[in-house]
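Based on these hints, arrange chain L on the given structure of chain X.
Taken in sequence, the protein lines are chains X and L. Position 250 (the first sequence) corresponds to 290 in our numbering; numbering is contiguous. Position 26 (the second sequence) corresponds to 66 in our numbering; numbering is contiguous.
Read the hints as simulated data drawn from the structure, not as lab findings. Since this is a predicted model, take the numbers as computed values, not measurements. Virtual Cβ for every residue (Gly too), placed ideally from N, Cα, C. Heads up, a few of these hints could be off.
Here are the simulated DSSO-like cross-link-like pairs (lysine-lysine), alpha carbons at most 27 angstroms apart as the crow flies [said to hold, decoys possible]: (1) Lys335(X) with Lys175(L); (2) Lys280(X) with Lys224(X); (3) Lys343(L) with Lys303(L); (4) Lys303(X) with Lys314(X); (5) Lys175(X) with Lys335(L); (6) Lys175(X) with Lys343(X); (7) Lys175(X) with Lys280(L); (8) Lys101(X) with Lys145(X); (9) Lys101(L) with Lys145(L); (10) Lys175(L) with Lys175(X); (11) Lys280(X) with Lys175(L); (12) Lys224(L) with Lys314(L); (13) Lys335(X) with Lys280(X); (14) Lys224(L) with Lys145(L); (15) Lys303(X) with Lys224(X).
Which chain L residues stay away from chain X? Per the calculated CB distances, all over 12 angstroms, these [what the hints assert, rightly or not]: (16) Ala150; (17) Gln154; (18) Ala193; (19) Glu196; (20) Arg278.
Number of protein chains: 2
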Amino acid sequence: MTQILVIGGGGMLGQKLAQRLSTENPFGPDARVTLFDLGFPSPSAAGEQIVGDIAAPTAAKALAARRPDLIFHLAAIVSGQAEADFALGWDVNLMASWALLNALKDEHDASEGQYRPRFVFASSIAVFGAPFPEKIDDEFLSAPLTSYGAQKAASELMVSDFSRKGYIDGLSLRLPTICVRPGKANAAASSFFSGIIREPLNGVEAVLPVADTVRHWHASPRAAAGFLTHAAQLDTARLKGRRALNMPGVSCTVAEQIEALRKAAGANTANLIKYRPDPTIDSIVQGWPRNFDTKRALTLGFKAETSFDDIIQAYLEDDFGR
Amino acid sequence: MTQILVIGGGGMLGQKLAQRLSTENPFGPDARVTLFDLGFPSPSAAGEQIVGDIAAPTAAKALAARRPDLIFHLAAIVSGQAEADFALGWDVNLMASWALLNALKDEHDASEGQYRPRFVFASSIAVFGAPFPEKIDDEFLSAPLTSYGAQKAASELMVSDFSRKGYIDGLSLRLPTICVRPGKANAAASSFFSGIIREPLNGVEAVLPVADTVRHWHASPRAAAGFLTHAAQLDTARLKGRRALNMPGVSCTVAEQIEALRKAAGANTANLIKYRPDPTIDSIVQGWPRNFDTKRALTLGFKAETSFDDIIQAYLEDDFGR
Chain X
41 MTQILVIGGG GMLGQKLAQR LSTENPFGPD ARVTLFDLGF PSPSAAGEQI VGDIAAPTAA
101 KALAARRPDL IFHLAAIVSG QAEADFALGW DVNLMASWAL LNALKDEHDA SEGQYRPRFV
161 FASSIAVFGA PFPEKIDDEF LSAPLTSYGA QKAASELMVS DFSRKGYIDG LSLRLPTICV
221 RPGKANAAAS SFFSGIIREP LNGVEAVLPV ADTVRHWHAS PRAAAGFLTH AAQLDTARLK
281 GRRALNMPGV SCTVAEQIEA LRKAAGANTA NLIKYRPDPT IDSIVQGWPR NFDTKRALTL
341 GFKAETSFDD IIQAYLEDDF GR
Chain L
41 MTQILVIGGG GMLGQKLAQR LSTENPFGPD ARVTLFDLGF PSPSAAGEQI VGDIAAPTAA
101 KALAARRPDL IFHLAAIVSG QAEADFALGW DVNLMASWAL LNALKDEHDA SEGQYRPRFV
161 FASSIAVFGA PFPEKIDDEF LSAPLTSYGA QKAASELMVS DFSRKGYIDG LSLRLPTICV
221 RPGKANAAAS SFFSGIIREP LNGVEAVLPV ADTVRHWHAS PRAAAGFLTH AAQLDTARLK
281 GRRALNMPGV SCTVAEQIEA LRKAAGANTA NLIKYRPDPT IDSIVQGWPR NFDTKRALTL
341 GFKAETSFDD IIQAYLEDDF GR
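Next up, chain X with everything else stripped away, as it sits in the complex (with noise of 0.2 angstroms):
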């Protein structure tokens, strides 16, 4: 039976993938699922919810005493509140990572090697800074712009080498801008790339706080799921030490993003977008990438959306409405 660990699973992109680990069964219908997160958007028969902070001294600890084979480790202060609080950021987003990465470890002395859980850790394309090739390819270097990035590299750097001695095997993938994100915005700066398409298809304004010229990198909450639970499957010697991997998606600019929405929804829906130049937002997003050729994950089978339409569609299917 295998038992699953979701931290981070009260977050957006927790919720999908226990959503996904529940019905899909990918592990088999006696997987068991634990959720870990801050709180919870509502009970859930996903799995068993557990609330706390993982940057809290005891609570990787705890989290390892479960010995868990499978754990998704989503938690993380997002970029802009990251960018404002520099030592929370660094704080939740590297130094609990340590501190669960030591308490795995732990176990696996302890079981005198028996113990170790795959480990697969959600990265993002802020590891990479400004300025880019036309398309980042697989060896091109991580020089993060913002604390997030520096953040994601840093603990990604942990990852790899806990797997490399064998306490782990775990993997990081390099998640592009999710995109439609349901619910409400967040704190994170790249938080208007979804509500330009959330919001107008509810209705409601939204404002656009960078040029429409901005090109960036996507893939829908449910192929963010999807890349989770296959790096959850993958034979990792196929990675041959490499265990970072940027993760495909769609390259589109903020025009082409509106025009896949009048496409959808007509231009009344598209007309509800407002252009209010935000100068710490447009400085944040120009120190981000652009377009990837991602052939190691695709070689490895990864699978994302081929176009922005596609990207609407996901978000209309599964979350509109709910």
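Below, chain L alone, put in the same frame as chain X:
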């Protein structure tokens, strides 16, 4: 009056740097040098010596409280030892850097932003892991295959992010293997690269643990001390946010090293090298870089030797017979 702190000032490179600081006075005749390390080979005219452990809880705070204008952070557990003692390597090579950077940030905050020291971090080409292109360029990814390399890469991310936020003005130098090291062999897996030159020159047999086809990237201790003082005086605005730099060096095979030794000191000397394969060292070294295109560093004015002959010459001039 410039206050200079050299953390790891008792080590080989720290001593070379201290010597250069005291003889060449690159920061003026009034500069005051403080050396910090677990121990020192001898009393020194080069500066005040403080004995302590940078990984001790109070060490970073006490050093930061002195508000040095310029800090060289050279202290590290070497690669072989970091591989053998996982916890010690991470504690010293990453967590001590973390404590130090935070202690400097606390001083920055306490001074209301007035205090912002130059911080030169000794990183390593061990941040790179195989497979490599024929020459590693300035945009190649850090995918280390040793704990030492992972710890250095994670420290670089911190140095860059603390600098981006303005708490320090830092940069990381990815040093080639330093060769020819004076003194005794150490626990670094790279120790033999110096041993096969130094021991024969001193009439002693030396063990070569890898095939002579192994190609590697070298710079002399003299060049390395020059990298450090150059970095301390560099206009960091020229780095445009990318604060980790691959240092220049000489790419050559072990066979070419041996041929240079033969040219410098004769066949009898070169014949003192005995080939005894060591699979552990071989497997570590196979994961190391062999050649670089260090355009950025050269453009920024960093200078190294251009042949292994010159590297042997630097040893003969600076260290032989001392």
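Structure-based check of each hint:
1. Lys335(X) with Lys175(L): 22 angstroms, holds
2. Lys280(X) with Lys224(X): 40 angstroms, violated
3. Lys343(L) with Lys303(L): 24 angstroms, holds
4. Lys303(X) with Lys314(X): Holds: Lys303(X) and Lys314(X) sit about 18 angstroms apart, inside 27 angstroms.
5. Lys175(X) with Lys335(L): Measuring from Cα to Cα gives roughly 22 angstroms; hence the hint holds.
6. Lys175(X) with Lys343(X): 18 angstroms, holds
7. Lys175(X) with Lys280(L): 20 angstroms, holds
8. Lys101(X) with Lys145(X): 10 angstroms, holds
9. Lys101(L) with Lys145(L): Between Lys101(L) and Lys145(L) the Cα gap is close to 10 angstroms, so the pair holds against 27 angstroms.
10. Lys175(L) with Lys175(X): 21 angstroms, holds
11. Lys280(X) with Lys175(L): 20 angstroms, holds
12. Lys224(L) with Lys314(L): 18 angstroms, holds
13. Lys335(X) with Lys280(X): Holds, at roughly 15 angstroms.
14. Lys224(L) with Lys145(L): Violated - the C-alpha atoms of Lys145(L) and Lys224(L) are around 37 angstroms apart, more than 27 angstroms.
15. Lys303(X) with Lys224(X): Roughly 24 angstroms separates the two Cα atoms, so the pair holds.
16. Ala150: Consistent with the label, Ala150(L) stays out of reach of chain X, its closest Cβ about 15 angstroms off (over 12 angstroms).
17. Gln154: Gln154(L) clear of chain X: closest Cβ-Cβ about 18 angstroms, beyond 12 angstroms.
18. Ala193: Nearest chain X Cβ is 5 angstroms from Ala193(L), so the label is violated.
19. Glu196: 9 angstroms, violated
20. Arg278: Non-interface label on Arg278(L) holds, nearest chain X Cβ at 14 angstroms vs cutoff 12 angstroms.
In summary, the numbered hints that this structure violates are 2, 14, 18, 19.
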